[in-house]
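Engineer: With chain A fixed as given, assemble chain B onto it according to the hints.
The lines below spell out each chain.
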Amino acid sequence: MGEASRRAQKADDAAELAPERALARRLLPLCALLVALIGTTAPAAIYLLRCRELEGHAAEVADALADLLRDEARARPALWRYDTVKLVEHFRAYEGGNVAAVVITDPEGDVPPGGDSRALAGGAAGPARAGERVGPARLVWASAGIDTGTSELGRVWVGVSSEAMRVETLLMLAGFAALGVVLGAMLYLLPLGALRREERARAADVAARLRLQTLSTRALGLDEDERRRIARDLHDGLGQALTGLRLQLQVLATRGGDDEARHLATRSIGLADEALDEVRLAVGALAPPLVAELGLAEALARYAEGCAQRAGLACEVDVAGLGGVSIPAAIETAAYRIAQEALTNAVRHARATRVVVHAERDAAWLTLSVRDDGIGFDADGAGRGHGLGGIVERAELLGGRAEIGRAPGGGTLVRVVLPLGDERA
Amino acid sequence: MSNRAGPSRRHLLLAAAGGLAPALILAGLVATGAPGERPPFLGASEAPTRETPLAPPHGALQAAGSGPNVPLTRRLAERFAAQGGGAIVVHASIGSRGGILAASDGAVDLGLISRPLGKAELALGLEVVPYARVEVLLAAHPGDADERLTPEDVLAIYRGTRKTWHDGSPITVLLREVGDSGQEALARALPGFGEVVAEAHRSRRFRVIYREHDMKEALLSTPGAIGVFDKGLAKIEQAPLRLLPIEGVTPTRDLAFVRRRGDPRADAFLAFVRSPAGREIIGEGGYLPLPVP
Chain A
1 MGEASRRAQK ADDAAELAPE RALARRLLPL CALLVALIGT TAPAAIYLLR
51 CRELEGHAAE VADALADLLR DEARARPALW RYDTVKLVEH FRAYEGGNVA
101 AVVITDPEGD VPPGGDSRAL AGGAAGPARA GERVGPARLV WASAGIDTGT
151 SELGRVWVGV SSEAMRVETL LMLAGFAALG VVLGAMLYLL PLGALRREER
201 ARAADVAARL RLQTLSTRAL GLDEDERRRI ARDLHDGLGQ ALTGLRLQLQ
251 VLATRGGDDE ARHLATRSIG LADEALDEVR LAVGALAPPL VAELGLAEAL
301 ARYAEGCAQR AGLACEVDVA GLGGVSIPAA IETAAYRIAQ EALTNAVRHA
351 RATRVVVHAE RDAAWLTLSV RDDGIGFDAD GAGRGHGLGG IVERAELLGG
401 RAEIGRAPGG GTLVRVVLPL GDERA
Chain B
1 MSNRAGPSRR HLLLAAAGGL APALILAGLV ATGAPGERPP FLGASEAPTR
51 ETPLAPPHGA LQAAGSGPNV PLTRRLAERF AAQGGGAIVV HASIGSRGGI
101 LAASDGAVDL GLISRPLGKA ELALGLEVVP YARVEVLLAA HPGDADERLT
151 PEDVLAIYRG TRKTWHDGSP ITVLLREVGD SGQEALARAL PGFGEVVAEA
201 HRSRRFRVIY REHDMKEALL STPGAIGVFD KGLAKIEQAP LRLLPIEGVT
251 PTRDLAFVRR RGDPRADAFL AFVRSPAGRE IIGEGGYLPL PVP
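Just so you know, the protein sequences line up as chains A and B, in that order. Residue numbers in the first sequence follow the working numbering, run continuously in steps of one, and reach 425 at the last position. Residue numbers in the second sequence follow the working numbering, run continuously in steps of one, and reach 293 at the last position.
Source of the hints: derived by calculation from the structure; they are not laboratory data. Virtual Cβ for every residue (Gly too), placed ideally from N, Cα, C. Take these hints with a grain of salt, some might be off.
Quick list of simulated restraints, FRET-style, between CB atoms [unchecked claim]:
1) A:206 <-> B:24: 45 to 53 Å
2) B:213 <-> A:164: 35 to 43 Å
3) A:145 <-> B:127: 33 to 41 Å
4) A:168 <-> B:116: 53 to 61 Å
5) A:78 <-> B:213: 18 to 26 Å
6) A:179 <-> B:195: 44 to 52 Å
7) A:164 <-> B:150: 40 to 48 Å
Isolated chain A, as found in the complex (with noise of 0.2 Å):
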């Protein structure tokens, strides 16, 4: 259970690993691969062949040695051992090699008087120290026997210089780590940069739609709040002015001379409240009075209530964690807005018994979803006409989003988180 949740929290890590973190994790050990293998591959393989290369030109020599040692020993058998090292340095001279030494050990595997042919040259006399230079060199060793049919008198050994060598691929190794260094580097850091570069575009890209928002949620405030002036005015001036006027026709219809003055009055009287009627409609297309005067809360808790009562829906309202803080007037009417027409569907066209509606609020963002037990709709978006598509372009104009799918159980979900404005995160 422990380590389930060692790997959860490890997963959950990860996953809130920027891409540039989590990439470079990823690249590290690649790049750590890349450089052992260009580091070491090719120059070991090189070592190896030429180790190869050494031990067969020493064997080589070694066996061409020990042939001519072995004539040697047939033709003076008691003496040949006593003239190996001119006999030796002679073959060496006109070899042309890179022999460093050539030791004649008897068969016992003991360096005999005037077996090592390094004392003729002034090396060390007596037998070769472990990890001995000749010279400047190490040597790589072969060995062949010195035989002549019956018996093996001794072996010949033959030292071949490896420090070439060992340079040679010491500094081929220290070119290929550093090749190896800078192929690692460029495959850690190109995807990186790449990867920044983009992210800064991202960001960029994020920040001017950020602003873009905040500049359409401030210009719809501004339309919203003027678009209730112009609602308010309508209802207080035309409003009140053709509701007084009705009230003296009324007087007048009742009261008037003859029977034409008062039909005349009482024909007026029609004519004032289709005039009413058109300003209500006015008022409430500028702005929904219900939002103005009472606050969203309550308006969305009314109108869903009277919504739900025409259309004989069971209806459930829970807009507690609206709280009382004022909301921006364009956010406001936004989400007014959007709950009418997902109610309006609800009732027209999801051929529902039951509406939900919830609104919450925090710091930041407004939450408002409605939801529904009718049929639902296609979840490639067919059926879902303009009033849906409108909720979801008013709420990206204010910098929010809106998703509209099946509600778990059956029926439609309309959700929608609004920006409260400067209060975003």
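Structural biologist: Showing chain B alone in chain A's frame:
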């Protein structure tokens, strides 16, 4: 890569170290590895201290060693045998070093040398019997060499800066191997010759000859050739070489016998060598008999 978003510097260093670690391991293997066979003598703390058993007594007296010593010893041995002193087998050259080691091992009764014993060779406890001195000089192909040389000529020829004889024919220098007693005798007598020869060996400028017989053959068969040779050897072998004295320089080397044990036959031979008859033979060969100590 900023520290804000990417891995820390420590991670980068760890990745670099991880990537380079195999290369460092390989570098260590390359620097310290020991490919090839491992000889049994490597790692031995000191030379084996085997007591070399003496070879069984030989039917005839056996002698072997330095090439310049062989012809004169053979002539002495022939006269010794002719006087009823017994047969002596004088083997072909195995060098002064070989003669010393063979005498020390008892493989021969007499070792022939043409140079002083080295420090390690003195420790072998051999008896040294000097008996003749011989002049070392330069010999040339009989065809077209100069009559004599100055020390400067010799140094220029071995340095490679003088490349022709007086008649314009090319000079071919034949070197002896490092440590040759004749070449060393000339180096002792002619200042600068040792360094010039050493440089010639290092640069592999000239052909190197390893035996007196080969030197004689090479000098006779190579037009324009010059090399260190032995006046007594040239005379005793009747080699038609042109001997070139060096003005003001007369290098010599001493010929000697070495032996490990007392042998009556060897004692008799050495007595003959030191006798007037033996000294006469030595003088006839172009050598100078050394006084009996």
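Engineer: It remains to establish, for every hint, whether it holds in the given structure.
Structural biologist: We went through each hint and held it up to the structure:
no.: 1; hint: A:206 <-> B:24: 45 to 53 Å; result: 46 Å, holds
no.: 2; hint: B:213 <-> A:164: 35 to 43 Å; result: 37 Å, holds
no.: 3; hint: A:145 <-> B:127: 33 to 41 Å; result: 37 Å, holds
no.: 4; hint: A:168 <-> B:116: 53 to 61 Å; result: 44 Å, violated
no.: 5; hint: A:78 <-> B:213: 18 to 26 Å; result: 20 Å, holds
no.: 6; hint: A:179 <-> B:195: 44 to 52 Å; result: 47 Å, holds
no.: 7; hint: A:164 <-> B:150: 40 to 48 Å; result: 42 Å, holds
This entry does not satisfy hint 4, going by the numbered hints stated previously; all others are met.
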